[in-house]
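Asker: Below are the chains, spelled out letter by letter.
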Amino acid sequence: MRVSIHLHGLHRAAAGAGQIDLNLREGARVTEALAQVMAVCPNLPLADESFLVAVNDRVSHLEEVLQPEDDISLLPFLGGG
Amino acid sequence: MKPLTSLTYSPQPVTGGYTDRVLEIDLSRKTIAVAEAPAGFKDMYIGGRGYALKLIWDRTTRETGYDSPENVLVMAGGPLGNEPWFPGSGKFIVGTISPLTGTFIDSNIGGHFAPLLKLCGFDALAVTGLADQEVVLVIDGEAGTIELTAAPDFGDEAAGALSYGEALLREFSGGELTENIAAVTNGPGAGSARFGIVNSLFYDPRRKRIRAKQAGRGGTGTVMRRKGLRAIVVRSNLSRLKGNNPVDPAGVKKAGAALKKVISQCDSKQLNLSSWGTTVLTEYMNKFHILPVDNYQYGQHPDAAQVFPDVFLKKYFSQNLPDGCYLGCNLACSKAADNVVLTRGPQAGKKTAVDGPEYETVAAVTCMGVFDPQFVMEYNWYCDEYGLDTISMGVTASFLMECVQRGFLAPEDVGFDLSFGNIEAADRLLHDTARGQGLGRICGQGVHRAKAWVAERHAARNGASVAETLAELNKFGMEVKGLEFSMYITKESLAQQGGYGFALKGPQHDEAWLIFIDQVHKELPTFEKKADALKWFPLIRTWFNAVGLCKLPWIDVRNPEAAQTSDPAKNFPTLALYVDYFNATVGAAKSLQDLLDDSERLALLQKMINVRQGKGTRASDLIPLRAMGPAFFNEYQARAEYYDAWLQEQLGPDRKLPDAPEDRHRLIVKLRRQAYQDLCDAVYRAKGFNSEAIPLMETLAKFGLLDDQAAELLNLTDLQGPKEAVSTGS
Chain H
1 MRVSIHLHGL
11 HRAAAGAGQI
21 DLNLREGARV
31 TEALAQVMAV
41 CPNLPLADES
51 FLVAVNDRVS
61 HLEEVLQPED
71 DISLLPFLGG
81 G
Chain D
82 MKPLTSLTYS
92 PQPVTGGYTD
102 RVLEIDLSRK
112 TIAVAEAPAG
122 FKDMYIGGRG
132 YALKLIWDRT
142 TRETGYDSPE
152 NVLVMAGGPL
162 GNEPWFPGSG
172 KFIVGTISPL
182 TGTFIDSNIG
192 GHFAPLLKLC
202 GFDALAVTGL
212 ADQEVVLVID
222 GEAGTIELTA
232 APDFGDEAAG
242 ALSYGEALLR
252 EFSGGELTEN
262 IAAVTNGPGA
272 GSARFGIVNS
282 LFYDPRRKRI
292 RAKQAGRGGT
302 GTVMRRKGLR
312 AIVVRSNLSR
322 LKGNNPVDPA
332 GVKKAGAALK
342 KVISQCDSKQ
352 LNLSSWGTTV
362 LTEYMNKFHI
372 LPVDNYQYGQ
382 HPDAAQVFPD
392 VFLKKYFSQN
402 LPDGCYLGCN
412 LACSKAADNV
422 VLTRGPQAGK
432 KTAVDGPEYE
442 TVAAVTCMGV
452 FDPQFVMEYN
462 WYCDEYGLDT
472 ISMGVTASFL
482 MECVQRGFLA
492 PEDVGFDLSF
502 GNIEAADRLL
512 HDTARGQGLG
522 RICGQGVHRA
532 KAWVAERHAA
542 RNGASVAETL
552 AELNKFGMEV
562 KGLEFSMYIT
572 KESLAQQGGY
582 GFALKGPQHD
592 EAWLIFIDQV
602 HKELPTFEKK
612 ADALKWFPLI
622 RTWFNAVGLC
632 KLPWIDVRNP
642 EAAQTSDPAK
652 NFPTLALYVD
662 YFNATVGAAK
672 SLQDLLDDSE
682 RLALLQKMIN
692 VRQGKGTRAS
702 DLIPLRAMGP
712 AFFNEYQARA
722 EYYDAWLQEQ
732 LGPDRKLPDA
742 PEDRHRLIVK
752 LRRQAYQDLC
762 DAVYRAKGFN
772 SEAIPLMETL
782 AKFGLLDDQA
792 AELLNLTDLQ
802 GPKEAVSTGS
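Chains as they are written, first to last, in the numbering used here: chain H, 1 to 81; chain D, 82 to 811.
Since the hints were made in silico from the structure, they are not lab data. Even glycine gets a Cβ: it sits at the ideal position worked out from N, Cα and C. Hints should not be assumed to be uniformly reliable.
Quick look at which bits of chain D chain H covers, simulated, 3 or more residues with Cβ under 8 Å [as the list claims (entries may be wrong)]: (1) 361-372; (2) 596-603; (3) 627-637.
Here are some of the chain D residues that sit facing chain H, going by a computed Cβ distance under 10 Å [as the list claims (entries may be wrong)]: (4) ASP237; (5) PHE389; (6) GLY580; (7) ASN652; (8) PHE653.
Here chain H stands alone, though its shape is the one from the complex (with noise of 0.2 Å):
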């Protein structure tokens, strides 16, 4: 199936790019689509719990089973200045 994974801020300057499409296997967790992110772009910041995971526009989690279209985003804390 296929994902979007949408990249802002610190994520989107170290890939180069705003989106990386992504074809999973059916059932496929969100960590699985970090993984695979991972391989294209070794230096994305995604160590020590230091961003977020929002699935649909929607906070989630690492375990999340994705739905096909689904569009992740990785997202830091934001608390408003």
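Once you've looked at the hints, dock chain D against the given chain H.
Answerer: Chain D only, in chain H's frame:
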């Protein structure tokens, strides 16, 4: 500079973060006095906000306007400001009765001014009266003198807030600028507009130039200008390190080192504020439909990438410089460009430095439908030089643009093509506002007053009623209590609708910013949870303003240990460092709850000032329809699929959506209005108010605030339920 009046004094040393002295200036009488804070004052009314609120409460009345001689202009840091061992300790507030809201406003600002004021011996500066000529106040802790002088004239080339301040600092320092001299100034725009700002100027030895930060909200610069006080200069050569003379220096150093470690380890992997500043927010706000576009009609735009952070980083920001607005801050988010050539306006061709932009300024420009980074830089610089708030300027201009779009303003009202996205029009309106000419004269009054002007013209031209026209304008005139919204779209976050509506000063996000934990994280699903957040976050966020600290190292750098706590968004592990820092500085043993209680007392006092000034009731907390949802059908249409799904969720799976899109829109509006009223009820209960948003007697009594004035107000408002006279018991 020959003084009009002067005072020789010995600066009071700082002890445990305080000097217990207030410098009082009466510009009408030309008097300078040093007042000692009463015993116990600082424990009851903490820090800069505490001083400002108590002085305004005691010395002004319901009849006091922003331009009344008795209005007090207060500038004060707090016990924790002025410590390079701890990040973000250069903050202070400017507090006064606002020209926009008619009630208390405090706007916080960074730089060296408040730390130097403290080293000169003063916790706070309070200015009353109106000068009969433009004056400058010079506080020289080295010479032990305080002088009020006629404001020097540096010519038209140095008439703006930035240029005048620089000329003044150069003259005062004999041409050798150092970090030990700083100034606050206002600009000519503050003489024309109600949203004038106070600029805080300080010398940056790394950039080898003077930099500026701004107290932007609520028109504090307009008050300063109206008082005839052109600028204030402070000087002290005393060491900043341990400048607070803390009770436990080792404790201060330990807490500061721990917070600096969190920042250095985490920021570069999170928001990366140290490289991009707050411009980084633009990208995330656009992603989640929160970036104001065309006067908050839309939250996202295909051209938004033109003003994303990497554009400013590559094209404008001078890089690889530690950009803290005060010594010792390793978050260093105060970005700047050192060589920007202006292409528009009266100073086109001039090469200048721009301190910014912050996210709010970028979004003020997108709110006008403009996505041009060069214009953002120029808008930023001109607003600072004129002394205008970039937010209120952009929001009022956007409101007028939408009045043109919807036919409330005719071409003859404007005189030029004031449409969204027209850079030349936006630029012209900015300069006209600063000069107080043409439509700029109306724009400078802010959205609240502009609505009345537009309604009268439209009604007269079309034979409509003024009241009905005003009701339409109220849907999209983005102000509450007279203050323009800051730059976040709240349509899809009920919690943040309250964050703006209940904000005591008006809709500025420094009291609450709950959009992400509500809209994206979905952590506030019930009214009770929203109400809890709308009580807790304002108390801790305004505590930072009270004690002289920046809140960004807490709220925008997530401590990794927070993940293991019950409420990660509150970032308790970092807050614990702030509690340690407070206790080590002042010599206390307070808990976080004690600090929240200190802050709640100030919030209640501010609420009572609002009640007195006619801005404290439930009606005062009402927000425009556009802040609740799609005010007009075109906004619904822009995200019809999203709104239909939202509506279906509200109705449940068994109820069918109305067939006509117009009916769906109407139903959404009805539900959104009801939800906001339900939120009001929940929040007032949580805060100890009655259903009309007036604090209950017992709420005030609990915090020692039921003085004669408060009791009289509660009796006057007649909203305390059954007839029972309120007594202070004295």
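Asker: Hints first: check each against the structure and report whether it holds.
Answerer: Right, here's what the structure says about each hint:
1. As drawn, the stretch 361-372 of chain D meets chain H at 6 residues by the rule of a beta-carbon pair under 8 Å; at three or more, the given contact holds.
2. For a cut-off of 8 Å, the count of residues in the stretch 596-603 of chain D with a CB near a CB of chain H stands at 5, and the three-residue condition holds.
3. Proximity of the stretch 627-637 of chain D to chain H, defined as three or more residues with a beta carbon under 8 Å from a beta carbon of that chain, is established by the 5 residues found.
4. A least Cβ separation of about 36 Å between D/ASP237 and chain H goes past the 10 Å threshold, and the interface hint is therefore violated.
5. Because the beta carbon of D/PHE389 sits about 8 Å from the nearest beta carbon in chain H, less than 10 Å, this interface hint is met.
6. Checking D/GLY580 against chain H by beta carbon gives a least distance of about 9 Å; that is within 10 Å, so the hint holds.
7. A distance limit of 10 Å between C-beta atoms decides the matter here; for D/ASN652 the minimum to chain H is near 7 Å, and the interface restraint holds.
8. For the restraint placing D/PHE653 at the interface with chain H, the shortest Cβ-Cβ distance is roughly 13 Å, beyond the 10 Å limit, so the hint is violated.
In this structure, the earlier hints numbered 4 and 8 are contradicted, and the remaining ones agree with it.
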